[in-house]
Amino acid sequence: MHRFDDNIKKALRDILGADNVTFSGDELLCYSYDATGKEFLPAGAAFPATALEVSEVIKLANRFNFPVIPRGAGSGFTGGSTPVRGGLVLSTERMDKILSIDSENFIATVEPGVVNGDLQHEVIAKGLFYPPDPSSLKFCTIGGNIAECAGGPRALKYGVTKDYVLGLEVVLPTGEIIETGTATMKGVVGYDLTKLMVGSEGTLGIVTKTTLKLIALPEATRSLLAVFNSLKECADSVNKILLSGALPSTLELIDGVSIKAVRTYSDTALPEAGGLLLIEVDGDSESTGREAALIEKVCRAGGAVEVRSASDKRGQRELWGARRAISPSLKNLKPDKLNEDVVVPRSNISALIEGVGVIAEELGVVIASFGHAGDGNIHVNIMIDRTDPDEEARGLKAVEEVFALTLKLGGTISGEHGVGTAKVPYIRMELTEEVIALMKNIKKLFDPNGILNPGKIFN
Amino acid sequence: MKNLKEYIPDLDRCVRCGSCRGGCPTLGAIRREWGSARGRLALIRAHIMGNTVDTAVFKKHIKDCTLCGVCEVACPNDIKVTDIILAARAELVDKEGLPLGASLVMKGILDAPKLGPLALKAASKFQKLLGSKEGKSVLDRFKMPYMPMGGPERSMPKLASTFFLETKEARAYKKPPSEMPGGIADGPVVAFFAGCAVNYLMPDLGLKTLELLAKHGARIVVPQAQACCGMPPLSMGDMNTAKSLALKNLEAFEGLNCDYITTPCATCTYGIKETFYNTLSGEGPEVKARIDRFAEKVRDITDLMVNVLKIESGQVTSEAGIEKRSVTYHDPCHLARGLGIRDEPREIIERSGVEFREMKNPCRCCGLGGGVGYSNYELSSAIAREKAERVSATGADILATACPGCMIQIKDSLDTNNVDVEVKHVIELL
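Chains as they are written, first to last, in our numbering: chain A, 1 to 459; chain B, 1 to 430.
Hints in this document: simulated from the structure, not taken from any laboratory. Here the structure is a predicted model, which is why all the values come from computation and not from measurement. A hint or two may mislead.
[As the list claims (entries may be wrong)] Calculated cross-link-like contacts (lysine-lysine; reagent style BS3-like; alpha-carbon spacing at most 30 Å):
#, chain 1, residue 1, chain 2, residue 2
1, A, K38, B, K80
2, A, K331, B, K360
3, B, K360, A, K209
4, B, K2, A, K97
5, A, K9, B, K59
6, B, K2, A, K38
[Claimed, not checked] Selected chain A positions facing chain B (Cβ under 8 Å, derived; list incomplete):
#, residue
7, D26
8, D34
9, P328
10, A393
11, L396
12, K397
[What the hints assert, rightly or not] Ranges between beta-carbon positions, derived for each pair:
#, chain 1, residue 1, chain 2, residue 2, range
13, A, E354, B, D54, 30 to 40 Å
14, B, A56, A, R13, 11 to 21 Å
15, B, G395, A, L217, 22 to 32 Å
Glycine residues also receive a C-beta, built at the ideal position from the N, C-alpha and C atoms.
Using the sequences and the accompanying hints, generate a full structural model.
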């Protein structure tokens, strides 16, 4: 639905107040996109402040049969928050309060529009820690993190969003407001609806409140940068580090293509290398020193020609500057990128990196691989120029081959970005018909009228 | 400055990642995508392509940016968001002209060397007729109708009864030291740029600056022909006025044979150091060379005091009992992000002996800039409220900053939100 009639407009204004809903074409343009860059104009955008308002809006949508598309910051990479079939974008921007941080029980209760980084700041001030750290943490919202089950570099040691969501308040696609989960670390009464909601990409419900698990803030961190001449030695070292008994909080790999781009196009000082590992360990000052020394030893034995280390904030920022410089630098290689976030069991990281290199060579495309190697999650960036149809076709072919390789190596085609619309054509590579049918039945049970976020995950 | 259409390649570099949402002060207050750089760039792009439906909506959202530049720091693709927004505003002004009130202020006051001061002088008398008394503080609360920056609700300092450039102290320095008999024979020659806020509203701050400069060995000149830095008209899209002011200032300061040009206003520093070229690009290589010569001499007062005049703790006399008081510092956008000056004001604070308490996110915009203080007081004060809360949370007795604009804005917000904290320019701590 691309335009609302006056009845719907009036009903929405009545529920939300005239200031909290818009039908202006210009304003709607701002709710037509996410980080995929594609635009789909909705018929309206709503800004509810309470679960009750969300519920009323959803009931209205069922009555008049229009799609509702939940949206946090619109920073997703797979189109999850785009209104591909028009309808009403439901933004959580006004539901942005941290309701409580309970230092006794190590839990926080927040609204979905809270920005991940803001929550991190607040809990750190109380000596607590919320580990999930997607690279968009300064602007992405907790609601969006839950919808996509966002991960981040720290997933290696600390897990991803689903490991920290204890309970949810959810408005179902039929309008009922339910609570799932518990405010305790344990809880097994009935099916785990909380985990079902996390990562459901806004297709099964709209989260209006969540209870999150916090942990104690590690008192010290230390960063290392290990330089390898060969990418294979670099990739092989990932698992050697983990098998040595060290458990870094993050272990990021940067390949030669990315290094070269950073060296060419940014001011960040990086040595010429075939591959780099950026490693962070956390704990107390004694344990981090010990762990860093162990990792350095393993890296050198694995072929590292240089290992830099920093324990102060400024030094660490410098080391991590390389990681941050990658994305902007890659833009200079080619204007467009197909950014895939595949994951393989960590013993196969080396095989994945090697295989991606072969695919790049065979298809004549530039592929930059970097990312959270420690948990097997590699961001494979296929660099193309969309104005060159032949190159775009080869790029898309490369995507398919990377996915096939990933699955052959026992992995999954998306670790943290979700399916959205971008990966819809590929889910059958990973999921069987039976599984898809079961998932579709679950969707139908929750959302008989197909109101919530249609066109996502399945077609 | 490029015209709006020339920015299409820059707009195309926006991958809509949303990085610019993080830390955007207007997004924080508006809580809608069109309050962010990504939203504004999407609107501008559509506008260029002829796709915006309602010009009034477009205009409103383009005007609501404070030009603080946080988005530019966050942007992974280095998009010059503020340049693009300025170009969009300039195009709107080209097509539709300025709103009447703004136009009167820009053309009739800021860019009218004789008439402007006269008009303001009349206003200064008028405020006395209204029964307001000369206040003790330069930031005394006064509700001033018909003035820019929010109208009657905003507390503003009064117009001074004697403008800075007309004080006998400033007039004493109207000629360059080389043409003056006697005086100190050596020491750098520092030309003082007052700026409108100091000239019309806070002459005491100007006098304080002159006193400090003299005390620390500078030879001073205060050219009388100087004009507004051009930032107010520039940020509202009035390129012609900005250009005219830039040329006037070039003429006023050239030929003084000064080593440095300084001002206690962060916005003016940025305006005369960084934006003249933008304003006057297209005027040819000869003008460009003049701007370069001018701009390289410009140093913010905090930068000049710390790095050129090298004030040492021993030389500093601070007001009695200051060591028992505490201060927090607000980074003006134009100083911190615009010129990278963050350490110098804090060094001045340290040398003054006052206890320093850093507030949360001191670089967050105060909400006055980019014309927002003028065109949308509600938004402007919503942004400032957060600043007032953060100042209050430090428990400091004094809020120091380095920009008269920020001082006016934060003072207003502290008053409105009943936070009892004194507002000072950092150099007033010396």
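**Report entry** Earlier hints that do not hold, by number
**Finding:** 2, 4, 10, 11, 12 and 13
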